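K.L.:
This is what each chain is made of:
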Amino acid sequence: MAAFELPPWMALAPALTFALTALVLFVVDSIDPDSENRTLVAGTATLGSLAAAGFAVWYLFAGTGEEPIVLFGDALVVDSMSLFFAVVFASVTTLVCVASYDYMADHHYQGEFYALVMLAATGMTIMPSANSLAIVFVSLELSSLPSYALVAILKKNRGSVEAGLKYFLVGALSSAILVYGISLVYGVTGSLLLPEVASGIAGTELNGVLGVGMLMIIGGFAFKTASVPFHFWAPEAYEGAPAPVSAFLSSASKAAGFAVAFRVLTVGFPIQEVVVGATASVDWVLAAQILAVATMTLGNFAAATQDTVKRMLAYSSIGHAGYALIGLAALTGGNDQMVLGASMAHLLVYGFMNTGAFLFIALAEHWSVGRTFEDYNGLASQAPFACVAMTVFLFSLAGLPPFGGFLSKYLLFAGAIGAGFWWLAAVGAINSALSLYYYSRVVKAMWIEEPTGDFDIESRPVGIYAALAAAAIMTVLLLPGFGPVWEYATGAAAALGA
Amino acid sequence: MAALPFELAPAIAALPFVSFLIALLVGAFAPRLLPKGGAIPGILATAGSLLLSIWAFVAVSGSADGMYHEYITWVAGAGEATLDLHFGILLDPLSTMMLIIVSLVALLVHVFSLGYMNDEGETGLPRYYAGLGLFTASMLSFVFANNLLMAFMFFELVGLCSWLLIGFWFREEGPPSAAKKAFLVTRFGDYFFLVGVVGVLATFGTSMFVGSENMEAFPHIAEQVLAGEGAVEVTTFLGFEPQAWFAVLGLLILGGVVGKSAQFPLHTWLPDAMEGPTPVSALIHAATMVAAGVYLVARIYGFYALLPQVLAFIAFVGGFTALFAATMGVVKKEIKQVLAYSTISQYGYMMLGLGAGGYVAASFHLLTHAFFKALLFLGAGSVIIAMHHNENMWDMGGLKEKMPVTYYAFLSGSLALAGIVPFSGFWSKDEVLYEAFVHGLNSPLLLGAYAMGLLAVFFTGFYTFRMVFLTFHGEPRTDTARDPHGVGWNVKFPLAVLGILAAVTGLVNMVPVQKLLGVEGIDFLHQWLDAGPEVLSAHHYSTLTHDFAHYTAGTIGSADLTVLLSAGVSLGLALAGAGAAWLLYDVPEPVRHTDRLGRIKTVLFNNYYQDEFQVWLAQGVTLPVAKAADKFDQGVIDGVVNGASSVSLFGGSRIKRVQTGVVSNYAFLLTTGLIVLLVAFGIMGGWF
Numbered sequence: 011m012a013a014f015e016l017p018p019w020m021a022l023a024p025a026l027t028f029a030l031t032a033l034v035l036f037v038v039d040s041i042d043p044d045s046e047n048r049t050l051v052a053g054t055a056t057l058g059s060l061a062a063a064g065f066a067v068w069y070l071f072a073g074t075g076e077e078p079i080v081l082f083g084d085a086l087v088v089d090s091m092s093l094f095f096a097v098v099f100a101s102v103t104t105l106v107c108v109a110s111y112d113y114m115a116d117h118h119y120q121g122e123f124y125a126l127v128m129l130a131a132t133g134m135t136i137m138p139s140a141n142s143l144a145i146v147f148v149s150l151e152l153s154s155l156p157s158y159a160l161v162a163i164l165k166k167n168r169g170s171v172e173a174g175l176k177y178f179l180v181g182a183l184s185s186a187i188l189v190y191g192i193s194l195v196y197g198v199t200g201s202l203l204l205p206e207v208a209s210g211i212a213g214t215e216l217n218g219v220l221g222v223g224m225l226m227i228i229g230g231f232a233f234k235t236a237s238v239p240f241h242f243w244a245p246e247a248y249e250g251a252p253a254p255v256s257a258f259l260s261s262a263s264k265a266a267g268f269a270v271a272f273r274v275l276t277v278g279f280p281i282q283e284v285v286v287g288a289t290a291s292v293d294w295v296l297a298a299q300i301l302a303v304a305t306m307t308l309g310n311f312a313a314a315t316q317d318t319v320k321r322m323l324a325y326s327s328i329g330h331a332g333y334a335l336i337g338l339a340a341l342t343g344g345n346d347q348m349v350l351g352a353s354m355a356h357l358l359v360y361g362f363m364n365t366g367a368f369l370f371i372a373l374a375e376h377w378s379v380g381r382t383f384e385d386y387n388g389l390a391s392q393a394p395f396a397c398v399a400m401t402v403f404l405f406s407l408a409g410l411p412p413f414g415g416f417l418s419k420y421l422l423f424a425g426a427i428g429a430g431f432w433w434l435a436a437v438g439a440i441n442s443a444l445s446l447y448y449y450s451r452v453v454k455a456m457w458i459e460e461p462t463g464d465f466d467i468e469s470r471p472v473g474i475y476a477a478l479a480a481a482a483i484m485t486v487l488l489l490p491g492f493g494p495v496w497e498y499a500t501g502a503a504a505a506l507g508a
Numbered sequence: 015m016a017a018l019p020f021e022l023a024p025a026i027a028a029l030p031f032v033s034f035l036i037a038l039l040v041g042a043f044a045p046r047l048l049p050k051g052g053a054i055p056g057i058l059a060t061a062g063s064l065l066l067s068i069w070a071f072v073a074v075s076g077s078a079d080g081m082y083h084e085y086i087t088w089v090a091g092a093g094e095a096t097l098d099l100h101f102g103i104l105l106d107p108l109s110t111m112m113l114i115i116v117s118l119v120a121l122l123v124h125v126f127s128l129g130y131m132n133d134e135g136e137t138g139l140p141r142y143y144a145g146l147g148l149f150t151a152s153m154l155s156f157v158f159a160n161n162l163l164m165a166f167m168f169f170e171l172v173g174l175c176s177w178l179l180i181g182f183w184f185r186e187e188g189p190p191s192a193a194k195k196a197f198l199v200t201r202f203g204d205y206f207f208l209v210g211v212v213g214v215l216a217t218f219g220t221s222m223f224v225g226s227e228n229m230e231a232f233p234h235i236a237e238q239v240l241a242g243e244g245a246v247e248v249t250t251f252l253g254f255e256p257q258a259w260f261a262v263l264g265l266l267i268l269g270g271v272v273g274k275s276a277q278f279p280l281h282t283w284l285p286d287a288m289e290g291p292t293p294v295s296a297l298i299h300a301a302t303m304v305a306a307g308v309y310l311v312a313r314i315y316g317f318y319a320l321l322p323q324v325l326a327f328i329a330f331v332g333g334f335t336a337l338f339a340a341t342m343g344v345v346k347k348e349i350k351q352v353l354a355y356s357t358i359s360q361y362g363y364m365m366l367g368l369g370a371g372g373y374v375a376a377s378f379h380l381l382t383h384a385f386f387k388a389l390l391f392l393g394a395g396s397v398i399i400a401m402h403h404n405e406n407m408w409d410m411g412g413l414k415e416k417m418p419v420t421y422y423a424f425l426s427g428s429l430a431l432a433g434i435v436p437f438s439g440f441w442s443k444d445e446v447l448y449e450a451f452v453h454g455l456n457s458p459l460l461l462g463a464y465a466m467g468l469l470a471v472f473f474t475g476f477y478t479f480r481m482v483f484l485t486f487h488g489e490p491r492t493d494t495a496r497d498p499h500g501v502g503w504n505v506k507f508p509l510a511v512l513g514i515l516a517a518v519t520g521l522v523n524m525v526p527v528q529k530l531l532g533v534e535g536i537d538f539l540h541q542w543l544d545a546g547p548e549v550l551s552a553h554h555y556s557t558l559t560h561d562f563a564h565y566t567a568g569t570i571g572s573a574d575l576t577v578l579l580s581a582g583v584s585l586g587l588a589l590a591g592a593g594a595a596w597l598l599y600d601v602p603e604p605v606r607h608t609d610r611l612g613r614i615k616t617v618l619f620n621n622y623y624q625d626e627f628q629v630w631l632a633q634g635v636t637l638p639v640a641k642a643a644d645k646f647d648q649g650v651i652d653g654v655v656n657g658a659s660s661v662s663l664f665g666g667s668r669i670k671r672v673q674t675g676v677v678s679n680y681a682f683l684l685t686t687g688l689i690v691l692l693v694a695f696g697i698m699g700g701w702f
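Chains F and R, in that order, give the protein sequences. Everything in the first sequence is counted per the numbering used here, starting at 11 for the first residue and increasing by one. Everything in the second sequence is counted per the numbering used here, starting at 15 for the first residue and increasing by one.
In short, the hints are calculated from the structure, not lab data. Among the hints, erroneous ones may be present.
[Stated by the list, open to error] Computed cross-link-like contacts, DSSO-like style, restricted to lysine-lysine with a CA-CA straight-line distance of at most 30 Å: (1) R:Lys615 to R:Lys347; (2) R:Lys506 to R:Lys50; (3) R:Lys670 to F:Lys166; (4) R:Lys194 to R:Lys641; (5) R:Lys670 to F:Lys454; (6) R:Lys506 to R:Lys416; (7) R:Lys670 to F:Lys165; (8) R:Lys529 to R:Lys416; (9) R:Lys347 to R:Lys414.
Only a predicted model underlies this, so the values are computations on that prediction, with no experimental measurement involved.
Turn these sequences into a full structure, and let the hints steer you where they fit.
P.N.:
Right under this line is the structure:
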């Protein structure tokens, strides 16, 4: 195939690229700390993200991950699942970097901003590869700590700072729970490596300790994915953070949480032994079902009553975490490729449509349009292109054809029904119907309502427009182009042995 | 490359359609340019259709496989398990015969309309002729349709045109209401037809009447399935076996037939449809609307022949309708009302014939009836012109001397209708009854249907000649009748043509003569309908009825005696009916004898309260049910929906309150949530 053989550690190239870009940005920033050369830093970050995306896509096409590559004493594993998610993270990061070029125009700490984004992306990219609970914790922290700083990066903005602090406090609590859970599981099984954890579970009698540890680990993931009851930080953080950061957190960070949860739960706590087998100890699938139903219901119901668009999107992203949780909640221990793959595919499509929606908020904030639904009244007459893109994102989020969100959500529900969990699909469908209500409120405001005041739209920020256009095109193209995505998603699910 | 007459076949329907467009567009934008309000284009178009139909008829008889079949695909299914939808032309003996009937009657109706509409100074003539053109075009397309879906579309278009034309005088009170009734009642039947069409498509994957290179005809598939031949697979629904499911499909399609052909219980629209102009009535009754139903059954007879229960049902409904309608015709005052009930009754005979396995007999009756019924309506139209649009027969009398052409033509039609030898109606009705009789000897149900049909012969003879005597004989009873309005050539010409046809058409199929005298080869219609492709031929159908419906012909004594008996009884009854009418009404001053019927008269005058029954069905049953459904919808469904949304919004606002903004609350709730989970799972898993 290839004319030359790359060394095995090069399998981590996407994560390494992010890390390297972060270091380059630090170098640039230390040479010229007060630089306002946005083009240089944003360009470097964008190039780095694109390179990471390029590596991930290349590996996927080349089939690098088909035979899992195990590195550093089994602590890391690179397979099609980790590459699939690397594509998601790198795409979202690229969009965020491009859009931030305009959004962060008037702010200081340009170099720090992009460096933090790159570091968080590094952590996220390592998360799906984590094959050891230690790596799980370290990579999760690596992605979380820069996120706290990113939320609070608008130092003069009280909302931003408050949100950052709250995010950090809830995150610290959650990390404590996670690491405590890891220690309990280690105590029971005597290993941190996921395959050994799995074999250790088989021989243990300490079900109580194991169960508490497992639920605490799930709690740690619930924090990262903004699932109930660990979701409290999300609305505040998403609302207070700069909109590109909200996009980054609600799309990439959430997907990273799911990626690591998929691997840890299916590899470390195999359903056959832990849930359905003869020595079944902890029904974590049931826990996932409870979390899924609670998360999507709470997210959607709360979103329906919001007054500001950004906060509505924040809750809707909680709702989408609930949908993605179906991927874990409808597992049966055999033939789970479909539902798990559907969940991954949904996270990919969601990465584009949700990022796009938040970037539209970024654009609105850039224009100082206002925050409530009423402020968006008649916006389409001023900015038709951006409003078309936003409409695409919202309808795709609601799961309407002909957008990518329709197919991924459809397959998710179909997978749940196929696995026998029709009620999960029913709850999901009811929630989707409700979500259409609040998404259409925005569409109605933009296109149908008369403007209440004058818009002061002077500029057409190229960066945000480009990111919006790219996200919209991807959201639309992911419907006809769903075939390959589906192939890789089911391949990634198969890599987990589902 | 098919022969030229086949290449021209689409023009058979296209010509009247063009005349429709001319009447519509020129009539709307340049009415002065339109000769005779659109009649001339219509006459030319239908004459062209007639010539092309005859040409196609000749070409079919000369072609190698006895038919012409060509189609285009207008919806191509994508992928497996989908189906294509087609438009196509099927010219075979049956359809070319029907094309000639339709275009001939349409031509004569157009000519007659010159006298009935133009000479009477009616307004809105372009609209009238546009309607006639579209009506003719739709019916012709329906006749040469090659699949059930296409047939259904033109079936509907025929229904639409009947609505337009029955309600032609829309400023008066009666016609719009009658038009609506005709539309709604036939639509009720067509609803079942539509379900049947979808069912056929879903079951067989095709609705073709005849197979082609890459597709089987659906009756043929059904035949193979029921015979257990080959590897033909069909999809049945609702857990039915193929036999039962096909019967369901057959009955569904029959719904459309019962509505259009005005069979009991959906016959009620037809008498009211007399509100339309009389030439339209002639067209509706003889060749288009009403004929469409029976023609459809004949068209897919290969399907019905497989289904004994459905055949028995058709026969019974037909026999019952024949008798039922004939009894109502006995007491009517208006000449067109009598004819209306006679139409219902005669189509009942055709259904009886089809149900009894007499495919040729029913087609034969369709042919003869088309001519004599068109004749009677046009004759009635002529009388109505003469009577200054008074239709009450009690105001007529003695018109015989004043309008001899009309009288003799009308008499010819009446003799045919009553079934008096040697007029056409005798031969066809006799054959229908003969088929029902011989097959009924082995099936009590068919025998019952036959008995009703036979009894109806007496009533037919009676009401027909009651009408003739009241109208033309005796002394004129009003001033109008003493001095009737004259009629022109454009009225007399169609009457003369049809009068001759009504008298002689029966000669094309003198089966009893052939059987009794042994003269071979005078059953031309039998030979003709047998000449087409094998699967559409008469002998194939009789094989099917024999093999699948187990129809066998019985005899009384010898075969000749059976023929004689059947013909003799029906002729005797017809003569008896006519004689009774002669006794009662062929007097200078006829009086009403209906009072002697006592309470039966009231029932008959009210048409067995069928209208009242249907109104009660609509107002007493459907309306309350609809109201209850509405209540349910408004109260329960909408209530649930509204309730769900208010509960959602309320719940949402509660959830919003949980998000207090105080981070210690979050930490508390988060920890509580985790502990609740831990405790619940701990209790479930027995950790403690």
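K.L.:
Within 30 Å, alpha carbon to alpha carbon, are R:Lys506 and R:Lys416?
P.N.:
With a Cα-Cα distance of about 13 Å, the restraint between R:Lys506 and R:Lys416 holds, given a limit of 30 Å.
K.L.:
For R:Lys670 and F:Lys165, compute the direct alpha-carbon distance and say whether it is at most 30 Å.
P.N.:
Holds. R:Lys670 to F:Lys165 sits at ~27 Å (cutoff 30 Å).
K.L.:
Regarding the pair R:Lys506 and R:Lys50, is the alpha-carbon distance no greater than 30 Å?
P.N.:
18 Å, holds
K.L.:
Is R:Lys670 close enough to F:Lys454, meaning Cα to Cα at most 30 Å?
P.N.:
23 Å, holds
K.L.:
Between R:Lys194 and R:Lys641, does the CA-CA distance stay at or below 30 Å?
P.N.:
The given pair, whose Cα atoms are some 22 Å apart, holds under the 30 Å limit.
K.L.:
If you draw a straight line from the CA of R:Lys529 to the CA of R:Lys416, is it 30 Å or shorter?
P.N.:
Roughly 43 Å separates the two Cα atoms, so the pair is violated.
K.L.:
Take the C-alpha atoms of R:Lys670 and F:Lys166, compute the straight-line distance between them, and say whether it is at most 30 Å.
P.N.:
Distance of about 27 Å is within 30 Å: holds.
K.L.:
Does R:Lys347 pair with R:Lys414 here, judged by a C-alpha cut-off of 30 Å?
P.N.:
19 Å, holds
K.L.:
Could you grab the alpha-carbon distance between R:Lys615 and R:Lys347 and see if it respects the 30 Å cut-off?
P.N.:
Distance ~13 Å between R:Lys615 and R:Lys347 Cα, so the pair holds.
In this structure, only the earlier hint numbered 8 is contradicted, and the remaining ones agree with it.
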